[in-house]
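Q: Here is what each chain is made of, one letter per residue.
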Amino acid sequence: MAALTPISRKPMSLVLPTVAAAGGFFGLFIGTSNGSGIMGVLIGALMAVVGAVLYIFVLKNEKLGKGLTIALYGALGFWFGGLAAAIVGLLYGWFIQWFSYWLYEGRYRARLLPYLTPGQVLWHYSFRVICGAIFTFLITPILVVMPLSFNAQDFFTFTPEMLRLDPAGYSLKHYQDFFTNNEWQRSFKNSLIIAPIATVISVSLGTLAAIGLSQSHVPGRRAIMAIMISPMIVPLIISATGMFFFYSDIGNWLEGTLGMNKTFVGYVKVVLAHAVLGIPFVIITVTATLVGFDRSLTRAAANMGANPVTTFFRVQMPLILPGVISGGLFAFITSFDEVVVVLFVGSASQKTLPWQMFTGLREQISPTILAVATILVGISILLLATVELLRRRSERLRGMSPS
Amino acid sequence: MKTKLTALAVTTALVAPAAMAQEMTIVSWGGAYSKSQLKAYHEPYSAKSGVTIINDDSSAEAVAKLRAMNEAGNVTWDVVDVVASDAMRLCDEGLAMEIDADTQLAAAPDGTSASEDFGDLLVSDCFIPQIVYSTTFGYRTDLVGDTAPSTICDVFDTDAYPGKRSLEKRPINNMEWALLCDGVAKADVYDVLATPEGQDKALAKLDTIKDDVIWWSAGADTPQLLADGEVVMGSTYNGRLFSVIEEQKQPVAMLWDAQVFDLDGWIIPAGLSDERKAQALDYIMFATDTQRLADQAKYISYGPARKSSAPLVGKHAELGIDMAPHMPTDPNNAQNTFLYNYEFWADYRDDIDAKFQAWLAK
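If you read the protein sequences in the order shown, they are chains Y and E.
Just so it is clear: in the first sequence, position 168 is 168 by this note's numbering, and no numbers are missing.
Whatever position you read off the second sequence (first residue = 1), add 1000 for this note's numbering.
Bound conformation, chain E alone (with noise of 0.2 Å):
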């Protein structure tokens, strides 16, 4: 009888506070990035509500573990954040709710609308952009002799600079970037790959320099290779080559050429209980307003969505390095860009995706 009560009452225990215990699941990349949406947007809400935030770094996953969910129909997550075209899926797929920019989002400290504010960047009616990246190139400063890389198509010339590379286990940037240093012009270069005939052009420059490519698939992958000096150069988020150059100390250095913007964002899964939904909204509100932006870039170089956040950019928050000119947004920086063309990958992606497979595996 003893024990029967003893055993009620731890039940009771874990089961009351079911009521009381405010908690959301956030869903992120994990690492340092997780890390700078910790310190910018996650403290300062817990704070502030009360909720409790448990983080749960599956966003390399996320499309298919929100549809397993949804089919099980146990949504367990509150807030997802995914890369601009993951978001465009989920939107099309009914995975994810849409958000009304104006009502839902903060406006800007003098007024202007979200929407106006996030201009362009929302590419999806259920996408809330938050940082825009570049992937890009570095290289080792100490083993690529005494011109350093100064341009894209150095990647694809393994005389003047031998050893190895790492590049993404991907098509896209990486047959863009073999067009361009074939000749083709960069406004030409999603026509040209539209055709079978482009494409093969893309594989047969990417042929060149194949057996020199370590392939990555993780964005830590091509960090601990510049490090491990395993390869020369290799291409990564520019967040993660800050972190190298910068906190690490590591010898190497970043190429501001080509880089491939993208950008990365929140969004809230549908099928929410009415309760956790105005949690989720209640944290994007707050999470995504000009300040918050501004703040994560103190711990990690990744550009403000927010045109109003720009100017807010300070210093680095351990390091104390102003941290603007190591944005991918920075003039300096943004020189030579080049745009993703998300429709262009929406339709194209899977053929290509096999034919690239097809290649890598001959």
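For reference, chain Y alone in the conformation it holds in the complex (with noise of 0.2 Å):
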């Protein structure tokens, strides 16, 4: 916290108008979702501007404006919107005090270099706001499922129980579904099945054609790269609509000549087409890593008695680890994700979890749906964070400092 810049309190000719716009900002959102934004936006910016004008000629004590502030807008929000807008309201009051005094203190100046040009210090800020709505709008359509995964109706909406924060509004029984319905269990088996397999696939595939193209004697491997990586350049319907005529007639020979199983078919028919999908990934990654080994190792390796296989386990492959897994990863979460493919190429036993949701939002709008979606989003943040704290602890135990 220490101050680089001495501060002292700005005229209102700028406190006012960005307290305002501001508060227009919040307004436009209020009144957007009441019926009319303009209303909205005149509305919050008064408020604001209102507000800012009594702490610094009426009130003039900072703790005391804060607690009227919070108190205020918490009672308005409580009183048209109940509990779950008090809260906004709340949150919403703490900000626009703390807003208020920290122009009219010159506050945001403290913490910046003296010699910031106003140009510059507004760009500094103008950069953090940019950054932030971003991330707000990469993020919010994530989040804004995982609440409405809890609704106790069978519909995609916010019911007035549930905006209340009224219990009754709020059950368990779509995850209870997830888990009981014989349809979802059976998909989300068949993903844990195929995505494991066809990764598996990928990674071996993958990172032996890495190595060899970074082999610079291979002819055309320009070419042969290029071939290998189309899959993920290709629009994945044109790879779907070869891939079921394709693998048909190799089903059909398997079932008929070979006297397979059909379902254990339908599984290497999307294990093997998944696979095809993940290996891009795989390849660019890896390649990508081989790009910093050093060849001479191999060389020294190979110097010292070791046989190419030997050398490819002992040195190559922890050294490229990272890229390995992480290509490993992108090719699990295409085949976990992955619904035109399967839904050309698999047959109804093979239904994989994106299938089953596809299908549930064409037929039978469920909220059931989102809650998996938000199962789906805890396992993807808990597989990144193991494969990261993984990762960081092999490079502490190799003496390297993570990165």
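Among the clues, some could well be false.
To be verified - Pair ranges (Cβ atoms, derived):
| id | chain 1 | residue 1 | chain 2 | residue 2 | range |
| --- | --- | --- | --- | --- | --- |
| 1 | Y | G132 | E | P1196 | 56 to 66 Å |
| 2 | E | D1353 | Y | L384 | 43 to 53 Å |
| 3 | Y | F135 | E | T1158 | 38 to 48 Å |
| 4 | Y | L382 | E | S1217 | 31 to 41 Å |
| 5 | Y | S33 | E | D1351 | 42 to 52 Å |
| 6 | Y | Q176 | E | D1353 | 37 to 47 Å |
| 7 | Y | I139 | E | A1278 | 22 to 32 Å |
| 8 | E | G1050 | Y | R314 | 49 to 59 Å |
| 9 | Y | G82 | E | T1158 | 31 to 41 Å |
| 10 | E | G1073 | Y | L384 | 41 to 51 Å |
| 11 | E | S1217 | Y | S230 | 47 to 57 Å |
| 12 | E | P1196 | Y | I139 | 28 to 38 Å |
Note that these hints are calculated values from the structure, not bench results.
Small disclaimer: the values here were computed from a predicted structure and weren't measured.
Just so it is clear, CB atoms sit at the ideal spot from N, CA and C, and this is done for glycine as well.
Got two chains here, each in a separate frame; can you build the complex from them with the hints?
A: What follows is the structure, given as structure tokens:
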């Protein structure tokens, strides 16, 4: 909290318009949801300005101003929209009061370098606001589904009970549905079977391909590379149509000539199709790590008498492992999220989670989809966090600083 | 060597059940409708025969997928639930198997032959009717003011009932309703619609509410929009509205006026192996008998397609309310119905579709 720059109070010509803009911005949302955006902007701006004038000229006491503002906005929120709105009101009251003083006292200048021009100060904060806005736009759609998944009704609707934070408006029944419904359980199981196997295949083949393609003596390696990563570039629907006909023939042969079980063949087809989709991700990440790999290490290993396989597993693999793991993670997510190819190639016994969510959305808009989405978001976060922790740990063990 | 043995053992284990496991893939519409079939048909059939039934909710793309499967020589479906018009198309293209109602379907308990029991609902040689449903309007009771809408033309009356309406994004039904409300007599609707002037007339009527329409394409859309209060009224299948009103307890009511009757039922894809064909026929014989069709009505408010099933329709399995008054076939509901003309739409669908899409984009 060391202040870099001495601060001084700012004139009203700066404080009031800025506070009004902030108030108007929040008012826009409240106003829009109540019918009139313009009224919201005006009322929000007016209230913010009146508040600022009151703090500065009448109350002259920051603590008292804070308490009063928070209480006022909280009460307003409660009066208009119940408990949830009251919480929003409390937060907003705290913010607008803090914001007014922050501007008026010139506190925004305190932690910046003294020689910055006003333009640079403005940009410093605009930049942060823009970053915050981008982050909000990215994350809000994901966060919105989470409370909806606890809806007590079977619709994608914030009911009045939910907005009042009434416990009766919430329930775990959609989670219960996911865990007890056969269709959901089977598709979840299918996803858990298909995605890991497809990942293992893509990681093995993709890593080998990347190592081969990074050798300078391979003829036409750019062309081969382009072909190998084409599933990532070609529109998925085209790959899917092609795969449908290609794997139908293979499947017929496996079933007809080799007499394999129909369900088993179905899994083989989907796993192979997903492995093909995952390979480009592995190739790209592993190729990127191989750029930093010192080739003299493999020569040194050969010099010591290690055969190429030993060299690969003992020398090269540990060093390119981060690339392999992140490639594998992408391959896993590709398969786990994939809906187009599996719709074409799979039959109903290979129905995966995304497929079930897709048909669920189309035929029956049920919040069970949201419950599943919430669970999947949780799994994804856990997965990424685990991999990141493991990676840091292994780097620490090998004496590197985590990057 | 050891790993090879394990691999071999795993492969054998996976290959071996081929002969034993009896599985059927049955394609349907998903949601509450599939659930009603699960309870009324699949579960009793599995218990009786030991066959595992796998659901594929792909009826919406059934025609396109069956074409592709047929082309690839890899038909993975055993029995498919489609609307009557799709069944006719599939039958014409040779993608569905022809069924002889009297020998391949169960007779009514009193001995009436299946063809007589289904009557004129057997609209195609490949089609085994299952339910009668209607497309009709639901409205929000709390958003329509003091006088609730009572006729289909209230949909076109934006002065009396301001707010959005949801209509299906296709000409079928909408064009007929528009003409009815533009003063065309019910008997003349299809004659008028066959002329370009008549089609323009229908579109002109739809034009009057175009700005207030939200177009839907999935059966679940209108229930969601009604529950949200985003529309004041909207068209959808009567079973969906029943679920919104009775099961979900939403402030919604149903308009039984000029609702369009349609049929839904089974087909068996052409080109199945003899073993699978026999299995599919066995299932169809079981699932379309008098009792089974009546049982389905315990779970969803669609009318059974057999005449002999109607007296057996009982109470809702979970709510315990009488299902008969909720059936589209109930005399009170069927006072002013509109009969969907399959032949007309088979002949004019492509032309009117193009016109409708162009009008939508305008």
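Q: State for each hint whether it applies.
A: Against the structure, the hints come out as follows:
One distance hint, 56 to 66 Å for the beta-carbon pair G132 of chain Y and P1196 of chain E, holds here, with the actual separation near 57 Å. For D1353 of chain E and L384 of chain Y, the hinted distance range of 43 to 53 Å is satisfied, since their beta carbons lie about 47 Å from each other. Take F135 of chain Y and T1158 of chain E: their Cβ atoms lie about 42 Å apart, and the range 38 to 48 Å holds. Judged by the Cβ atoms, the range 31 to 41 Å given for L382 of chain Y and S1217 of chain E holds: they are separated by roughly 36 Å.
Remark: the range hint 42 to 52 Å for S33 of chain Y to D1351 of chain E is upheld by a beta-carbon distance near 44 Å. For Q176 of chain Y and D1353 of chain E, the hinted distance range of 37 to 47 Å is satisfied, since their beta carbons lie about 43 Å from each other. One distance hint, 22 to 32 Å for the beta-carbon pair I139 of chain Y and A1278 of chain E, is violated here, with the actual separation near 55 Å. Under the hint 49 to 59 Å, the C-beta atoms of G1050 of chain E and R314 of chain Y, about 54 Å apart, fit the expected range.
Remark: the range hint 31 to 41 Å for G82 of chain Y to T1158 of chain E is upheld by a beta-carbon distance near 33 Å. Between G1073 of chain E and L384 of chain Y the CB atoms are about 43 Å apart, so this pair conforms to the stated range of 41 to 51 Å. Range check, S1217 of chain E to S230 of chain Y: Cβ separation about 33 Å, and the 47 to 57 Å hint is violated. Checked against the hint of 28 to 38 Å, the C-beta distance between P1196 of chain E and I139 of chain Y comes to roughly 53 Å, which is inconsistent with it.
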